[in-house]
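Note that the protein sequences, when read in sequence, are chains A and B.
Numbering-wise, my numbering puts 61 at position 61 of the first sequence, and it's gapless, one number per residue.
Numbering-wise, my numbering puts 414 at position 90 of the second sequence, and it's gapless, one number per residue.
Keep in mind that a hint or two might mislead.
Here are the in silico distance ranges between beta carbons for each label pair [said to hold, decoys possible]: (1) B:355 <-> A:69: 21 to 31 Å; (2) A:12 <-> B:533: 47 to 57 Å; (3) A:3 <-> B:522: 43 to 53 Å; (4) B:341 <-> A:139: 47 to 57 Å.
Since the hints were derived computationally from the structure, they do not count as laboratory data.
The beta-carbon is built from N, C-alpha and C at its ideal position, and this holds for glycine as well.
2 protein chains.
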Amino acid sequence: MTDITMIEAARVRLEGQARRTPLLSSPFLDEIAGRRILVKPECLQHTGSFKFRGAWSAISALSPDVRAKGVIAFSSGNHAQGVALAARLHGIPSVIIMPADAPRIKIENTRAYGAEVVLYDRIKESRDEIGDRLSKERGLTLIKPFDEPLVIAGQATVGLEIAEQAKEFGVEKADVLVPVSGGGLLSGIALALEARAPGFLVHSCEPEGFDDTARSIASGKIERNAQLSGSLCDAILSPQPGDITFPIMSRLCGPGLVVTEDEALHAISLAFNRLKIVVEPGGAVALAAALFHGETLGDTVIAVCSGGNIDGDVFKLALDKFPG
Amino acid sequence: MTDITMIEAARVRLEGQARRTPLLSSPFLDEIAGRRILVKPECLQHTGSFKFRGAWSAISALSPDVRAKGVIAFSSGNHAQGVALAARLHGIPSVIIMPADAPRIKIENTRAYGAEVVLYDRIKESRDEIGDRLSKERGLTLIKPFDEPLVIAGQATVGLEIAEQAKEFGVEKADVLVPVSGGGLLSGIALALEARAPGFLVHSCEPEGFDDTARSIASGKIERNAQLSGSLCDAILSPQPGDITFPIMSRLCGPGLVVTEDEALHAISLAFNRLKIVVEPGGAVALAAALFHGETLGDTVIAVCSGGNIDGDVFKLALDKFPG
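Bound-form chain A, shown alone (with noise of 0.2 Å):
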């Protein structure tokens, strides 16, 4: 299981590979929301998301023999860049199952950083089944997107420096804010801020009609999605918490948070206009959450945007929708 001492090893072999993304703020968004915003932009790490870290953290810690056969992985998107991309840092073959509904850029992006793309339809198959072939067949260890305690650990360094940076800020309590699918980010920054910041509480943030987290955490136990698309935050549509993360959260978590897609995109529109940063509509979903449903929090709300890539088409929407 992963703990702080994994987590530790982690940001030892992330080590100048990851980016630190940096904190930031504005006076034009703590007044919107009532109450002190700091965001953490994980849009800016490599391949525009989190995912990179979980990704180069897995493989990293496979032996030479077995990592040099290959990976794959199953992912909407962000996962599949950041493992992409942490094979071919290491020089080793990558193979990636796509939904075939997911979005143009991160296909083409994921191609681009080397890998094999094989895409599935979301509805009628399983992508468990693909991966599970494919990995037989060919010898490819696969790197679960969240459901996978190197994984997560990778991902908890994202908590590691938002403990180290808030201390910077003079913060010593906040509700962080984290956008929620199978919950390996949310999980990891977890266990990250007990060890390292326990007067931090975690939440979760997800779009309405796809609140399984937070429902399973209201009712302690796994709850599923009814739907599985149809929604702009593509990122984030697990069906359901995973079996290693939902304990985490579980254990750790105030109650979720759930905000609407308009929200999401106003919350693009503000991170354009006052952090002038990209950040997609699942990556925008708890800074939407600590602006537009803050009542609940605290004084110091963190939000984590957890990725920004974000077709120019529904950039353009949240820019005509919300243009102040």
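Dock chain B against chain A, hints included.
This is chain B only, laid out in the frame that chain A set:
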């Protein structure tokens, strides 16, 4: 005159105030340029541009009784916001004289940071005369945008960071491209790198039709632009290099680079897609030069993206013209 001692002193005053912006990169940009590109995103600085550094440097160096009376500045927008926020954080009043045709967002933001904004006609009126009159009437200290050693020392801290961060990347030799208007940022960076990274050569970057610095460096004397407005690169339309900045640039800079407005828009789109940062046209000219005019440059180019205060409509224009 600004020297490395004054620059190091400015860095101490800026500690905990200015953000240390990261150094970003993307294999996609390297491929387009045919060389390694590192980007220093000062658009992520407070107020969305490097100008906060110089403003803080100058205001923090004033004696308390002089500072208490307040400050005045003239600016097309980015210096305005930097001075307004630095003044507010010092708890003193600020008056900002802005051209009436400055982007709406820059005027609004300057007011929102607490400054009193006075608009003038860029063609018919002299901002210097207006500034002198108001300074005398109210006892305000003029914070010049570039021709002021303390301001240059503040901007120079970008150069100190570049020297340190490039070393972390193992870079010992590089061309450093900097957007230029009056030359405060470029001369500051040039002085910092002369002392801390003597293998680096700095170059001015400007839009076509506003290449006064490139022509001045080439001819060895101060040259003026024929026109004073009419470019999307509103942030960098000073009529000529400064009296203090020009001798520094003339001594330390390699040949200046000039880009078209379309190349700046293309760079904005690529920064959106590949770096997940928001850059304004004037702030994108160095990245555009690195991407599209690298033939005379070496293997590693460091491009400063100096600001990100762009109206949504101009940003959408960049994404529409260069969707790739």
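Consistency of beta-carbon spacing, residue 522 (chain B) to residue 3 (chain A), with hint 43 to 53 Å: Holds: the Cβ-Cβ distance is about 47 Å, inside 43 to 53 Å.
Within 21 to 31 Å: is that where the Cβ-Cβ distance between residue 355 (chain B) and residue 69 (chain A) falls? The hinted range 21 to 31 Å holds for residue 355 (chain B) and residue 69 (chain A), with Cβ atoms some 28 Å apart.
Kindly confirm whether 47 to 57 Å is satisfied by the beta carbon distance between residue 341 (chain B) and residue 139 (chain A). holds, 54 Å
Confirm or reject the claim that residue 12 (chain A) and residue 533 (chain B) have a C-beta distance inside 47 to 57 Å. Holds, at about 52 Å.
When held up to the earlier numbered hints, the structure conflicts with none and fits them all.
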